[in-house]
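Chemist: Based on the sequences and whatever the hints tell you, model everything.
Heads up: the sequence lines are chains R and U, in that order. Last residue of the first sequence: 211 in the numbering used here, with the numbers rising by one and none dropped. Last residue of the second sequence: 422 in the numbering used here, with the numbers rising by one and none dropped.
It is possible that some hints are incorrect.
[Said to hold, decoys possible] Straight-line alpha carbon distances no greater than 27 Å define the calculated DSS-like cross-link-like pairs of lysine-lysine that follow:
(1) R/193 to R/54
(2) R/144 to R/36
(3) U/265 to R/54
(4) R/193 to U/404
(5) U/247 to U/265
(6) R/36 to R/54
Read the hints as simulated data drawn from the structure, not as lab findings.
There are 2 protein chains.
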Amino acid sequence: MQIALVVYDRFTALDVVGPYEFLSRLPDAETVFVAKAAGPVRSDNGAFTLIADKALAEVSSPDIVVVSGGPGQSALMEDEQLLGWLRAVDATSTWTTSVCSGSLLLAAAGLLRGRRATSHWLALDQLKPFGAEPTGERVVLDGKYVTAAGVSSGIDMALTLFGQIAGEDRAQAVQLATEYDPQPPYDAGSPQKAPAHIVDLLRAHSRFILT
Amino acid sequence: MQIALVVYDRFTALDVVGPYEFLSRLPDAETVFVAKAAGPVRSDNGAFTLIADKALAEVSSPDIVVVSGGPGQSALMEDEQLLGWLRAVDATSTWTTSVCSGSLLLAAAGLLRGRRATSHWLALDQLKPFGAEPTGERVVLDGKYVTAAGVSSGIDMALTLFGQIAGEDRAQAVQLATEYDPQPPYDAGSPQKAPAHIVDLLRAHSRFILT
Chain R
1 MQIALVVYDR
11 FTALDVVGPY
21 EFLSRLPDAE
31 TVFVAKAAGP
41 VRSDNGAFTL
51 IADKALAEVS
61 SPDIVVVSGG
71 PGQSALMEDE
81 QLLGWLRAVD
91 ATSTWTTSVC
101 SGSLLLAAAG
111 LLRGRRATSH
121 WLALDQLKPF
131 GAEPTGERVV
141 LDGKYVTAAG
151 VSSGIDMALT
161 LFGQIAGEDR
171 AQAVQLATEY
181 DPQPPYDAGS
191 PQKAPAHIVD
201 LLRAHSRFIL
211 T
Chain U
212 MQIALVVYDR
222 FTALDVVGPY
232 EFLSRLPDAE
242 TVFVAKAAGP
252 VRSDNGAFTL
262 IADKALAEVS
272 SPDIVVVSGG
282 PGQSALMEDE
292 QLLGWLRAVD
302 ATSTWTTSVC
312 SGSLLLAAAG
322 LLRGRRATSH
332 WLALDQLKPF
342 GAEPTGERVV
352 LDGKYVTAAG
362 VSSGIDMALT
372 LFGQIAGEDR
382 AQAVQLATEY
392 DPQPPYDAGS
402 PQKAPAHIVD
412 LLRAHSRFIL
422 T
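Modeler: Put into structure tokens, the structure is as follows:
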């Protein structure tokens, strides 16, 4: 089972490394990081670089596609090389997925039309012009399309997907192996839960977070 | 504020990328991935490669040290290049931290003697011979030493540390920016919570998980 993790200049590291850590433990998983060109790809803040194993053109029929989010997404919304590739691999994928603003790329490729989907809470409204129906849920499954909310939510998406593919027992074994028993010291991880002044602060500075 | 993230051959990706995603958002943060040699470093399953920006010898006084865990840890338990470096940077660090089996490297360097500490639940007992006092907690602070349990727990550690350094408001802003509102689909992330047969299964195969 080939799992293609799509990255690009100024992607957000945890968006893909969270899902990678879980999905790479699927039976017979072959994970491959893909980008426009194989080689080093720099994350949003420039301080993290991973190696894309293959160029998009070298990966033609992954079983699972995971599209990263990150500030670099906005520069790709009309990029036919990427959007065309997404449409092409989606034609044969078993699961087409995204984390954070990665769903905007799926939407721009026309893949979320008429579908329920999610994204980073600051980007949700941007799904609408592409005919997707945004929801505030953390992980949204609509057919074979699975979208996750911001950054860290890719972990919950991956574990959900793991269970769908390999069953609850194996999914729980991976949850235990990675000791995924989250205990955040604060309860401010969604706009519904965070103090209002912090929500306002992030809304005012959203351009620093998403673009 | 310089944050050194220590990786090595066969580290576990999420162990460091979790903390990186949060700590890199500290005010004036300079994150640097360090390894024995600068350049590509391959993770445990061989499918993920990040670039270490600097060699250990090039980083002499980080403010925060984060030591990754992963199967590659066991080959380093008598590695004086790494252990000597850990002792040297610990002399001036503000925080010395680890995720998963990374705490065994701190312990082997003699830094956790007489201190409360944690590790991956399958590795906890290995802390004792080094004079550390293992606890089953997810994040353990003892003075400037902060250790986290398995893999995903580095996120909780990093957010805890973020709050200690930059205050609760900023920590909550980062929690909201990364939408860290975990909603795992199962509740099997610790040996106390997982079904007994799954705990037994992982104990029986622990050598595949940790070494």
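Chemist: Has the given pair, residue 36 of chain R with residue 54 of chain R, been kept, meaning a C-alpha gap of at most 27 Å?
Modeler: holds, 8 Å
Chemist: Is the hinted pair residue 265 of chain U and residue 54 of chain R satisfied, with a Cα-Cα distance of at most 27 Å?
Modeler: holds, 25 Å
Chemist: Is residue 193 of chain R within 27 Å of residue 54 of chain R, Cα to Cα?
Modeler: Since the Cα atoms of residue 193 of chain R and residue 54 of chain R sit roughly 40 Å apart, the hinted pair is violated (cutoff 27 Å).
Chemist: Does the structure keep residue 144 of chain R and residue 36 of chain R at a Cα separation of 27 Å or less?
Modeler: Holds, because 24 Å separates the two Cα atoms, which is no more than 27 Å.
Chemist: Would you mind confirming whether the straight-line C-alpha gap from residue 193 of chain R to residue 404 of chain U stays at or under 27 Å?
Modeler: holds, 26 Å
Chemist: Regarding the pair residue 247 of chain U and residue 265 of chain U, is the alpha-carbon distance no greater than 27 Å?
Modeler: Since the Cα atoms of residue 247 of chain U and residue 265 of chain U sit roughly 8 Å apart, the hinted pair holds (cutoff 27 Å).
Hint compliance for this structure: hint 1 alone is broken.
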